[in-house]
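Q: Chains as they are written, first to last, in our numbering: chain E, 10 to 122; chain V, 25 to 135.
Because the hints were derived from the structure by calculation, they are not lab data.
C-beta atoms are modelled at their ideal positions from N, C-alpha and C, and glycine is treated no differently.
Accuracy of the hints is not assured; some may be wrong.
[To be verified] Residues from chain E that keep clear of chain V, each with C-beta distances beyond 12 Å, as calculated:
1) Q18
2) K66
3) P122
[Claimed, not checked] Pairs of lysine to any residue residues, derived as SDA-like cross-links and limited to a Cα-Cα distance of at most 20 Å, are as follows:
4) V:K128 x E:F48
5) V:K128 x E:P49
6) E:K66 x V:S46
7) V:K81 x E:D36
8) V:K35 x E:E51
9) E:K66 x V:E123
10) V:K81 x E:W108
11) E:K66 x E:L56
12) V:K89 x E:Q109
13) V:K81 x E:T38
14) V:K35 x E:R50
15) E:K80 x V:T79
16) V:K81 x E:K80
17) V:K128 x E:Q12
18) E:K65 x V:E123
19) V:K81 x E:S105
20) V:K128 x E:T96
21) V:K81 x E:K65
22) V:K35 x E:S52
23) E:K66 x V:V112
24) E:K65 x V:T122
[To be verified] For the chain V half of the interface with chain E, some residues (derived, Cβ under 8 Å), not all of them:
25) Y57
26) G66
27) Y88
Residue-level listing of the chains:
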Amino acid sequence: QQQVRQSPQSLTVWEGETAILNCSYEDSTFDYFPWYWQFPRESPALLIAIRPVSNKKEDGRFTIFFNKREKKLSLHITDSQPGDSATYFCAASASSGSWQLIFGSGTQLTVMP
Amino acid sequence: EAAVTQSPRNKVAVTGGKVTLSCNQTNNHNNMYWYRQDTGHGLRLIHYSYGAGSTEKGDIPDGYKASRPSQENFSLILELATPSQTSVYFCASGDEQTEVFFGKGTRLTVV
């Protein structure tokens, strides 16, 4: 059973639009949620992360919204640019227990010029 | 910048053969991870380690072993490689709930 789920699998938006990527999780002990992005033929790299003490984390055009009760997160990319085209992974880990970093299956974002 | 180095970068192995993928990190991170990446599955955790001498099973450990002989080195071992293990393998390192840094990946083909 997938512990971290992402939707949609792929998303296409026009330049300047807001892209919304969704993530949900099963384990209520998860308390750290990073988002990684991966460009073609490159390694994943950290984009932005949130801890549940806050329900929002902003970094420029990228914002994470977090709903602990529903075990859901979303990544909003405002004013999307063609250079944002990448695969985005939601991940989760728990400070109690094993420190595993579990990834979702990813959302492939394409921003059309 | 954190440095995680994987070797080899590309490998072709025969079915039933033994494959060892190596990973070295120079950042004194406690935790190291091995993931495989396949289309439609994202990054799946195979094994991870808290420090020298420790190895733990991730979500898909079957068919794989791991070894952490030192803080810097973490190996993934396929004792009897199968075509289903054809994939891209990423090693990563980091400390608890901080940024995890990935190596450039190893493309393994089992024929």
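Q: Of the hints given before, which are not true for this structure?
A: The structure conflicts with hints 1, 6, 15, 16, 17, 21, 23, 27, although it agrees with all the remaining ones.
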